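All chains, full assembly: derive it from the sequences and hints.
Number of protein chains: 2
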Amino acid sequence: MNIDHFPSRLLEEAVTEFSKLPGIGKKTALRLVLHLLKKEQDEVHRFSEAMTRLRDEVKHCRLCHNISDSDQCNICSNIARDHGVVCVVENIRDVMSIENTQQFRGVYHVLGGIISPMDGIGPSDLEIDSLLKRVEEGGIREVIFALSTTMEGDSTNFFLFKKLKGSNIRITTLARGVSVGDELEYTDELTLGRSIVNRLLYEQIIS
Amino acid sequence: MNIDHFPSRLLEEAVTEFSKLPGIGKKTALRLVLHLLKKEQDEVHRFSEAMTRLRDEVKHCRLCHNISDSDQCNICSNIARDHGVVCVVENIRDVMSIENTQQFRGVYHVLGGIISPMDGIGPSDLEIDSLLKRVEEGGIREVIFALSTTMEGDSTNFFLFKKLKGSNIRITTLARGVSVGDELEYTDELTLGRSIVNRLLYEQIIS
Chain A
1 MNIDHFPSRL LEEAVTEFSK LPGIGKKTAL RLVLHLLKKE QDEVHRFSEA MTRLRDEVKH
61 CRLCHNISDS DQCNICSNIA RDHGVVCVVE NIRDVMSIEN TQQFRGVYHV LGGIISPMDG
121 IGPSDLEIDS LLKRVEEGGI REVIFALSTT MEGDSTNFFL FKKLKGSNIR ITTLARGVSV
181 GDELEYTDEL TLGRSIVNRL LYEQIIS
Chain B
1 MNIDHFPSRL LEEAVTEFSK LPGIGKKTAL RLVLHLLKKE QDEVHRFSEA MTRLRDEVKH
61 CRLCHNISDS DQCNICSNIA RDHGVVCVVE NIRDVMSIEN TQQFRGVYHV LGGIISPMDG
121 IGPSDLEIDS LLKRVEEGGI REVIFALSTT MEGDSTNFFL FKKLKGSNIR ITTLARGVSV
181 GDELEYTDEL TLGRSIVNRL LYEQIIS
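Just so you know, the sequences run in chain order A and B.
Numbering follows our numbering, with no gaps: position 22 of the first sequence is 22.
Numbering follows our numbering, with no gaps: position 66 of the second sequence is 66.
The hints are simulated quantities; they were obtained by calculation from the structure and are not laboratory data.
Predicted, not measured: the structure shown is a model, and the values here were computed from it.
Hints are not guaranteed to be accurate.
Note that the list lumps identical chains together, so a pair holds whenever it fits in one copy or between two copies.
[What the hints assert, rightly or not] Straight-line C-alpha distance at most 30 Å; calculated DSS-like pairs for lysine-lysine: (1) LYS26 to LYS38; (2) LYS163 to LYS38; (3) LYS162 to LYS39; (4) LYS26 to LYS39; (5) LYS38 to LYS165; (6) LYS39 to LYS20.
Shown next as structure tokens:
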């Protein structure tokens, strides 16, 4: 369906705005907008205000650059967390993913991207200087690289490693290996190869 | 990914609002909201305002009940259209679909739904009385039923037919037949059967 014949300019504008979102085509946008149109007025206002307020009022933590409702995020201001272990991630979603594992008690550093010459993203576009500053200021024992295991992720890891290796801290990265629940038959050769080379004591898995 | 660990209440609220939309899960909502968060402030405001303004300011045409920016829609106020031919449709999207064919020069009547006892929608929930009133007022030569060819659509057609058959107007419905571009092998038997019974002169197709 080609949807050029909008009966209302207001409808057209709403659909146009919605279809600017990634993965939302004109047809989906129309469906969503017509859904909103059927809702109570205050529900639609609540929807719009949630977006506006998020954009206007959200802050970034001055330490880790995660988004936050205040100048310092809940994780950085939590004294029960280990502030000596910093996990370096690409974005906010990665923080949320790792938090959901409930396996990490340290703090984070959100780079805001990874080095990607193809997309014109260099080290200066990322929160790398502030990471180096945090390390320089002392108190950090370990930096964990938790970036994607892609070429860009590996390049960024290597760049950070070169910058950090002078300082007397432990630099680690997420373990590479067979995913829990994966069948060996479908595991790629590189991962399988690394997981044999870096094999673990069985006791480490069952403990 | 389970996404319960929101770093910000504002983010959580925006994601919650977005995930109320049909077909938008929490993960998609988060992706869309983080996209908005990266946009310029005025772009986000434009998005929110488009939704609020649509809900607050959009009107329904007092004649055909299509949505409109004024009391009378563009189609109903267009003197070049044939106001003697009224096409009855379920909703706004159907008007847009038919308008896009550029094959119809009459006007519309938007019922706002179809009779569906299972969903508790009866004739009084729809714009049926206003259709009968339009017909009574005269000037209408033909009413075209353009509802879905489902049981509910057929029931609604039949209900309207009973109400309208006393008046001296032509009552028609969309032709049933094989879709243009469809292979016969995949056409359902009922459609194929009807399209043989109601077969057309070949000249009608090629003209």
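Cross-check of the supplied hints:
no., hint, result
1, LYS26 to LYS38, "both (18 Å within a copy, 21 Å between copies)"
2, LYS163 to LYS38, "between (56 Å within a copy, 28 Å between copies)"
3, LYS162 to LYS39, "neither (55 Å within a copy, 33 Å between copies)"
4, LYS26 to LYS39, "both (20 Å within a copy, 20 Å between copies)"
5, LYS38 to LYS165, "neither (59 Å within a copy, 33 Å between copies)"
6, LYS39 to LYS20, "both (22 Å within a copy, 11 Å between copies)"
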